[in-house]
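S.K.: Given next are the chains, with one letter for each unit.
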Amino acid sequence: MDSDRLIPKCIDIIISRSLKGGGFAQRQNGKFRPDVTAWSILALSTGNIYRNLIGNACNRLAASQLIDGSIPVAEDLENAYWPTALAVLAWKRTGGYENEIKRAAKFLIKTSGLHFPREKNSPYGHDTSIRGWSWIENTHSWIEPTSMAILALKATGNAGHDRVQEAVRMILDRKLPAGGWNYGNPTVFNRELSPTPEHTGLALSALSDFVHYYEIAKSIDYLNKELSILQTPLSLCWGIFGLGAWSVKIRGKCERILNSLSLQRRYGHYDTLLLSQLVIAYNTEGNLSWFIMQP
Amino acid sequence: MDDEYRVIENSPEIWTRRKFLKVAGATAVSGAVIAAGAAAEGIIPGYFTGNRELRASVFIASVSGYDQNIRKVILSGFRELGIRTEVIKGKRILLKPNLVKPQKHLEHIYTHPLVIRGAVEAFLSMGAAEVFVAEASGHGRDSFIDLEESGLADILYEDRIPFVDLNESSVVKARNQGQTSQLEYFYFPEEIYKADIVVSMPKMKTHHWAGVTLSMKNMFGVMPGIVYGWPKNLLHWAGINECIYDINATFKPQLAIVDGIVGMEGDGPIMGDPIRSNVIIMGLNSPAVDATCTRIMGIEPNKIRYLKYASGKIGPISEAEIEQRGETVTGVQKYFKLIESIPVLNGLRL
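Each protein sequence line maps, in turn, to chains A and B. If you count the first sequence from 1, you need to add 12 to reach the working numbering. If you count the second sequence from 1, you need to add 18 to reach the working numbering.
Please note that a few of the clues may not be correct.
DSSO-like, lysine-lysine: derived pairs with alpha carbons at most 30 Å apart [what the hints assert, rightly or not]:
| no. | chain 1 | residue 1 | chain 2 | residue 2 |
| --- | --- | --- | --- | --- |
| 1 | A | K237 | B | K122 |
| 2 | B | K212 | A | K32 |
| 3 | A | K132 | B | K355 |
| 4 | B | K122 | A | K261 |
I should point out that these hints are in silico values taken from the structure, not numbers from a laboratory.
Assemble the whole structure, with the sequences as input and the hints as a guide.
M.R.: So, in structure tokens, the structure goes:
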């Protein structure tokens, strides 16, 4: 396929996975997923068209919001609240939904992962008392849900809130000594684990405007090096978002994204979330915070 | 109840495609909890006596390297375990390897792709309708990077083997049949119920929280991240040993094929060192397979908590109740290094 058509084709596929009641599914004939819906809204909004589809999707997100303000991954899984931050970003990007945003932000502020004082002989290298956000209620905080919550609260004017400041410290505490991040365990039993481009991109996206460059310089170096060989869509996109958050230019970004799309012949058809992230990475400079706040 | 979920009270040993579709149809309207009512049959009818699995056979093959004919080894295992063609012919086979945090050229971390290829070839040669690989990686959401780092992506592409990311699956709600942890239900990916035979294909490794990671711990890796997180912290908080047992009590894989050619000792499951045991171990009963593996590793199975839970309930772990076929345990035994500074690895020696 002609490379000019690849991104429009992605958008067509995302649209084909829209649902009658609003929202989007991860795969063809799949069920509503709020996180996938949020990413799809963000992707379609890069074109500033598809208003009806976006509107219906935002309404579906609103309909799935619980009384406490959270948006769980499924009706039957109320404690899996992690899509809440994504819903905030989607609504913020679209405009409107002020009440829903306020309730979701309030939920995020009053919710944290499960934490405990650092013990003397702890097998963990990080400070287990610093709070961030977890995937599921009553579990520990990790890099991805914390990064997304920081982005969401920053977008809603809560950047200065104590919870956000503490979460920034949490992310810094989980940084690997040599730079970069993984899911959130820098060392276990005194052994340093490895970073991943995915989590490094997430952390860097969250930390921009909160820390100085020198605090994340080694992580930028790591991600830049990885990006030169990355081709898998999720890691490539988070690499672009992470470096984009720090205004680091990515040479050949669009070609890299098109190449990643062509790898569906190797990996199989991409799900909606991956297609959405590729569209966003292609159509923006990679700075998610900036992109969310643009009209 | 959202028709996304069907609640299965008594997880059957095997759900044929026809059974799954029939049940799915029946519960779409009522949404009620269903009683599966299936007998506790494995892939060899009549092999198990009711719900208490008291004896099992485990096959040990000596394999000098990944360059050997692994397909032939696995076919020998089928013969030794009494798995005949009619059990596999026309069936849909799901292979679940261990791909946790693979890194290129560190083949002691993950199930070797050539073992997976060997299994695919063995099943297809026995007339399987379809064989696919599925995984729900626990440390990150990028499953394709795991496939690339492990070298499995090349094999899947060359051999046209489909891959399913279980992290993103629709889920089936099943009542916890183990009842050792506090979790009332588990949410399994629907693919494992749609497959006719689920094969747990772990790497033989030590584990710094569970002691060992083998065919039963490998089933953690089917649990979808959209429900349990990355990592699957909900299961750790509920008790790792309790959840290992409960998951396997609720859904029993029909076959285990363990890659012990090059395993991991020391600080498993990621940071340990390679150790060559030169074995592939196979069996129809996961606790028996894991008990055999631990003995090969120089570890006492009764000292592994999840195996203690399993003992006499979902499978035997004592030597007297396991029929060892192929090589003997002592003939292939290789004592895995156990690090004193890791508490759970203390006091495990045979």
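S.K.: Please go over all the hints and tell whether each is borne out by the structure.
M.R.: Right, here's what the structure says about each hint:
no., hint, in the structure
1, K237/A <-> K122/B, "16 Å, holds"
2, K212/B <-> K32/A, "26 Å, holds"
3, K132/A <-> K355/B, "26 Å, holds"
4, K122/B <-> K261/A, "28 Å, holds"
Every hint, counting from the list given before, is met by this structure.
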